[in-house]
Structures are given as structure tokens and as C-alpha cells.
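Novice: Sequence:
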Amino acid sequence: MAMVWVQGELFPRADKMDKLAAKSLLSEYPKMRKAILNFERKETLTIQEETLFNNLKYKVQEIDAALELILDDDVKAILKHRYFTARKHHLTLETFGATNSTATINRRIDVGVRTIAECLKLSGMI
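Residues 51 to 176 (the working numbering) are what the sequence shown spells out, left to right.
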């Protein structure tokens, strides 16, 4: 019998649960960055702190890499404002509302979260 190879997609599709997991990670992103900075300032770390530090560093690096894969500059700017600088949704709407409708902003957030979820799914984080 011959083996048949079926080529899969380059990036796995993110389902609703993957997008929720990505949103959860994105919501925690600012806290993770601050924790990393705090650990870097310490001269010595306990074993638990070192484990957490390495885990957070890995997560932040993967999220940063996923962000860089977003091709649309508008999507990237909106996502950075919303999640990476820890802004509330209504502040994001106010900031980008002069040039975009609420529906457009929400679609762009969704596209960005989906892209990040697909990248994190590929890396095995979700």
C-alpha cells in the first residue's frame, strides 16, 4: 500500500475557542510585560520566580511574533492600542472613531485576534 500525503493549511484556522484563548492572553499581555521587567531588575530569583519568568518570556515572545505577522497596518495599530497598551474598548473606539466606524474597528480587532490566535495555535500555545 502506498502512503498518501495530504497537505494541510500553512496556518491552522482559529475557531471561537482559540480566539477566546488569544483574547485572554492579549488581555494579560501588559501584566506579563511588567512582570518580566520586574524579574529582570532582581539580582536573584527563586526557582518559582525563574520558572514563571521563563514562561512569561516565552509567551510574550510568541505574542510579539504573532503581532508582526499582521499585514494590515490599521489592524496592527488598533490591536496594539486595545491590547498591548491595555486600553478599554470604548477608548479604542474613541481613538480610532474619527476615521473608522465602530463596526470597522470591531472587524479589525476581530481580524487581528484571529491572526494572533492562528499563530499561537501553530506555535502550540493554544
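One or more of the hints may lead you astray.
In the DSS-like style, the derived pairs of lysine-lysine whose C-alpha atoms are separated by at most 25 Å in a straight line are [said to hold, decoys possible]:
#1 171 with 66
#2 73 with 109
#3 92 with 138
#4 109 with 66
#5 126 with 171
#6 69 with 126
#7 69 with 84
#8 66 with 130
#9 92 with 73
#10 109 with 138
#11 109 with 92
#12 84 with 130
#13 73 with 126
#14 73 with 171
#15 81 with 69
#16 92 with 171
#17 126 with 138
#18 171 with 81
#19 126 with 66
#20 126 with 84
#21 81 with 130
#22 107 with 171
#23 69 with 171
#24 126 with 92
#25 92 with 130
#26 130 with 109
#27 69 with 92
#28 84 with 138
#29 84 with 73
#30 138 with 66
#31 107 with 126
#32 107 with 69
#33 109 with 81
#34 107 with 84
#35 109 with 69
#36 66 with 84
#37 130 with 107
#38 107 with 73
#39 66 with 92
Hints in this document: simulated from the structure, not taken from any laboratory.
All of these numbers come straight from a predicted model, not from anything done at the bench.
Novice: Are the hints correct? Go through all of them and say.
Specialist: Status of each hint after checking the structure:
Distance hint between residue 171 and residue 66 is fulfilled; the C-alpha atoms sit about 12 Å from each other, no more than 25 Å. Of the pairs offered as hints, the one joining residue 73 and residue 109 holds, with about 13 Å between alpha carbons and a cut-off of 25 Å not exceeded. Of the pairs offered as hints, the one joining residue 92 and residue 138 is violated, with about 31 Å between alpha carbons and a cut-off of 25 Å exceeded. For the hint linking residue 109 to residue 66, the alpha-carbon distance of about 20 Å falls within 25 Å, and the restraint holds.
Between residue 126 and residue 171 the alpha-carbon distance is near 19 Å, which keeps this suggested pair within the 25 Å criterion. For the given pair, residue 69 sits about 16 Å from residue 126 by alpha-carbon distance, which is consistent with the 25 Å threshold. For the hint linking residue 69 to residue 84, the alpha-carbon distance of about 24 Å falls within 25 Å, and the restraint holds. The suggested pairing of residue 66 with residue 130 holds, with an alpha-carbon distance near 21 Å, which does not exceed 25 Å.
For a cut-off of 25 Å, the pair hint linking residue 92 to residue 73 is broken: about 30 Å separates their Cα positions. Straight-line distance between C-alpha atoms of residue 109 and residue 138 comes to about 22 Å, which keeps the hinted pair within the 25 Å bound. Distance hint between residue 109 and residue 92 is fulfilled; the C-alpha atoms sit about 20 Å from each other, no more than 25 Å. As the CA atoms of residue 84 and residue 130 are separated by approximately 16 Å, the hinted pair is consistent with the 25 Å bound.
This hinted pair checks out: residue 73 and residue 126 have alpha carbons roughly 15 Å apart, not beyond 25 Å. For the given pair, residue 73 sits about 13 Å from residue 171 by alpha-carbon distance, which is consistent with the 25 Å threshold. Proposed proximity of residue 81 and residue 69 is supported: the alpha carbons are some 19 Å apart, at most 25 Å. Between the alpha carbons of residue 92 and residue 171 the distance comes to roughly 32 Å, so the proposed pair goes past 25 Å and is violated.
Annotation: proposed proximity of residue 126 to residue 138 holds, straight-line Cα distance about 16 Å (limit 25 Å). As the CA atoms of residue 171 and residue 81 are separated by approximately 21 Å, the hinted pair is consistent with the 25 Å bound. Straight-line distance between C-alpha atoms of residue 126 and residue 66 comes to about 20 Å, which keeps the hinted pair within the 25 Å bound. Taken as a hint, the residue 126 and residue 84 pair is honoured in the structure, with Cα atoms around 21 Å apart against an allowance of 25 Å.
With a C-alpha separation of about 15 Å, the suggested pair residue 81 and residue 130 falls inside the 25 Å cut-off, and the hint holds. Proposed proximity of residue 107 and residue 171 is supported: the alpha carbons are some 17 Å apart, at most 25 Å. Pair hint residue 69 plus residue 171 holds up; C-alpha atoms about 10 Å apart against a cutoff of 25 Å. With a CA separation close to 33 Å, the supplied pair residue 126 and residue 92 exceeds the 25 Å bound.
With a CA separation close to 28 Å, the supplied pair residue 92 and residue 130 exceeds the 25 Å bound. Taking the CA atoms of residue 130 and residue 109, the gap is near 16 Å; set against the 25 Å cutoff, the hint holds. The straight-line distance between the Cα atoms of residue 69 and residue 92 is roughly 34 Å, outside the 25 Å bound, and the hint therefore fails. For a cut-off of 25 Å, the pair hint linking residue 84 to residue 138 stands: about 18 Å separates their Cα positions.
Note on residue 84 and residue 73: the hinted pairing holds, with a Cα-Cα distance of about 18 Å set against a maximum of 25 Å. Of the supplied pair hints, the one linking residue 138 and residue 66 holds, its CA atoms being roughly 21 Å apart against a limit of 25 Å. The suggested pairing of residue 107 with residue 126 holds, with an alpha-carbon distance near 21 Å, which does not exceed 25 Å. For the hint pairing residue 107 with residue 69, the CA-to-CA distance comes to about 21 Å; that is within 25 Å, so the pair holds.
For the given pair, residue 109 sits about 12 Å from residue 81 by alpha-carbon distance, which is consistent with the 25 Å threshold. With a C-alpha separation of about 11 Å, the suggested pair residue 107 and residue 84 falls inside the 25 Å cut-off, and the hint holds. At most 25 Å may separate the alpha-carbon atoms for a hinted pair to count; residue 109 and residue 69 meet this at roughly 16 Å. Distance hint between residue 66 and residue 84 is unfulfilled; the C-alpha atoms sit about 28 Å from each other, more than 25 Å.
Under the criterion of a C-alpha separation no larger than 25 Å, the hint pairing residue 130 with residue 107 is consistent with the structure, at around 18 Å. For the hint pairing residue 107 with residue 73, the CA-to-CA distance comes to about 18 Å; that is within 25 Å, so the pair holds. Between the alpha carbons of residue 66 and residue 92 the distance comes to roughly 39 Å, so the proposed pair goes past 25 Å and is violated.
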